[in-house]
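Since the structure of chain A is provided, determine the placement of chain B on it from the hints.
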Amino acid sequence: MVDPGFNDIAAALTDNFGTTVLAVEEGNKIPFVRVEADAVARVARFLRDEPTLAFDFLMYVTAVDYPEEEKLTLLYHYFSYRHEYSLLVKADVPRHGAEVPTISHLYAAADWLEREVYDLFGVKFRDHPNLTRIVTPEGFEGHPLLKDFANDDYVPFPDWKPEK
Amino acid sequence: MTPETAYRTEEFQVNVGPQHPSTHGVFRMVLTMDGERVVDCEPHIGFLHRSMEKMAENRLYIQFLPMADRIDYLSSIFCTVAHCEAVEQLMEIDVPARAKYLRTIMMELCRIASHSIFFGVFALDLGAVTPFLYGFRERELTMDLLEMTTGQRMTFNYCRFGGVADDLPDSFFPTVEKFVKVFPARLDDYDRILNENEIFVARTKNVGTVEASRAINYGWTGPNLRASGVDFDLRRNRPYEAYGELGYEPVVLQNGDCYDRYRARILEMRSSHELIKKCVEGLPEGPVQAEKISKFPKVPAGEVYVRVASPRGDYGLYLLSEGADKPYRYKLRTPSFNNLSMIREMLLGVYLADIVPIFGSLDVILPDVDR
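Protein chains in written order, with the numbering used here: chain A, -14 to 149; chain B, 99 to 469.
Bear in mind the hints are in silico, worked out from the structure with no lab data behind them. Take these hints with a grain of salt, some might be off.
Listed below are the simulated EDC-like cross-link pairs for lysine to aspartate or glutamate, each with C-alpha atoms no more than 16 Å apart in a straight line [as the list claims (entries may be wrong)]:
1) B:K152 x B:E347
2) A:K132 x B:E420
3) B:K276 x B:E238
4) B:K276 x B:E155
5) B:K376 x B:E347
6) A:K14 x B:E420
7) B:K152 x A:D133
8) B:K375 x B:E275
9) A:K132 x B:E151
10) B:K393 x B:D423
11) A:K14 x B:E275
12) A:K132 x B:E155
The following residues of chain A were derived to be distant from chain B, with all beta-carbon distances above 12 Å [to be verified]:
13) N(-8)
14) A(-5)
15) V9
16) R27
17) F31
18) V85
19) A94
Nothing here was measured: the structure is a model prediction, and the numbers come from that model. Even glycine gets a Cβ: it sits at the ideal position worked out from N, Cα and C.
Okay, chain A solo, but in the shape it has when bound (with noise of 0.2 Å):
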């Protein structure tokens, strides 16, 4: 569903952001806005902050593994109890060793689904209070969400033996 106000969202973004918005797509089913990796911090405060928009609900944070591009994009998509509408924020990292600006110190919802991403893709994220593995067990290696990965020969616990 297409919400209305989009283009007045995308176009209070590229005011206050100028170059840092890369792109205003009209996307395929959901419009999106672009924006470089190093700014979803202060884009998201502004979301939050800004009253005409007041984006205080962050839904979820994931990505997409593109291996052929060398590329993972990462989607921050926002809701707006106050206006009903939402918002899908994407940008690009590299696919390995990938660093971005947490925005868990605005989003509390951020820090657990950072960990998340963390945890399945492998994407760091500076300023991260407590940046750990969440969900697959400690010792694992790998990020099981990318495209190419495979861990086979994994072993849940590797000191166990049965009772005899």
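Showing chain B alone in chain A's frame:
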């Protein structure tokens, strides 16, 4: 010297879970305690992580349909509705009106089943055994109806792309009539047994209070959010399936404590009962499945985000298709994950005994958290 400083106290750690009845599954907390008070809490999740998203990306759309039921097995139909809705939106399929109504009936029955389990186990957590039996008695009424329609009692696998698997059997109508007739009286029983029960009220009123702004900031949704005074429900604000035609008004309470979260669910059962009644009365005639839908669809490229109001909150599905017969990215935004993420902040400074009502009142389910 005041009595508080007269004796030296020492902090100690308590491990709760992963196998503990009050954690409703496999959830582990390491609590640092100062006497009876919680000083720190370190939650551990992921014991039930099955990598649902990866499995979805490696399977045909139809193959993942029965698996979607397993994401949240107490309200499984919502996961399949979201899956089908996402595919239908990308393929631009028009679902017949009767199928929409059938999905709505099944969803509301499932919501009652889920909430009556909550009623039972929440009271059981606090030491009352009788409500548990009551809760399961009412769940059985809805289970009968779901079973005769879908053939299953837990993982229904009822939705299909463009409709539902089958029409209602003839025996459904007399049974649902009976259910509609007896259910309000059963809810009155619930009210009588717990609402003014002194122990219950003392342990839940003003315990684990969360104000609206904090609930939104943590991404709370569903009855938990509405118990904190936020007047938002997908069924009214963003209607899908048949909800737009039914005129639904959400249940909103103000205090945001454990008691209100409990009340919100009991009152939701009443509104679900109303919705079922309206649906059965206004059930349109016609087919239950759109015509000429491939069982193995190649979904056109595009991305959608579908939100469904599950009993635990907004169940969201972000689906990105590149035009193949498998999803390219299948992100599950499950309500329990976000509802649980506040647990550390909620537990700081509370008594050890209050952990159980606070955790229980969130009504999280661990497969939904871990995926």
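Now the hints, each set against the structure:
no. : hint            : verdict
1   : B:K152 x B:E347 : violated, 37 Å
2   : A:K132 x B:E420 : holds, 14 Å
3   : B:K276 x B:E238 : holds, 13 Å
4   : B:K276 x B:E155 : violated, 43 Å
5   : B:K376 x B:E347 : holds, 13 Å
6   : A:K14 x B:E420  : holds, 13 Å
7   : B:K152 x A:D133 : holds, 11 Å
8   : B:K375 x B:E275 : holds, 8 Å
9   : A:K132 x B:E151 : holds, 12 Å
10  : B:K393 x B:D423 : holds, 11 Å
11  : A:K14 x B:E275  : violated, 41 Å
12  : A:K132 x B:E155 : holds, 9 Å
13  : N(-8)           : holds, 19 Å
14  : A(-5)           : holds, 17 Å
15  : V9              : holds, 16 Å
16  : R27             : holds, 18 Å
17  : F31             : holds, 17 Å
18  : V85             : holds, 18 Å
19  : A94             : violated, 3 Å
When held up to the earlier numbered hints, the structure conflicts with 1, 4, 11, 19 and fits the remainder.
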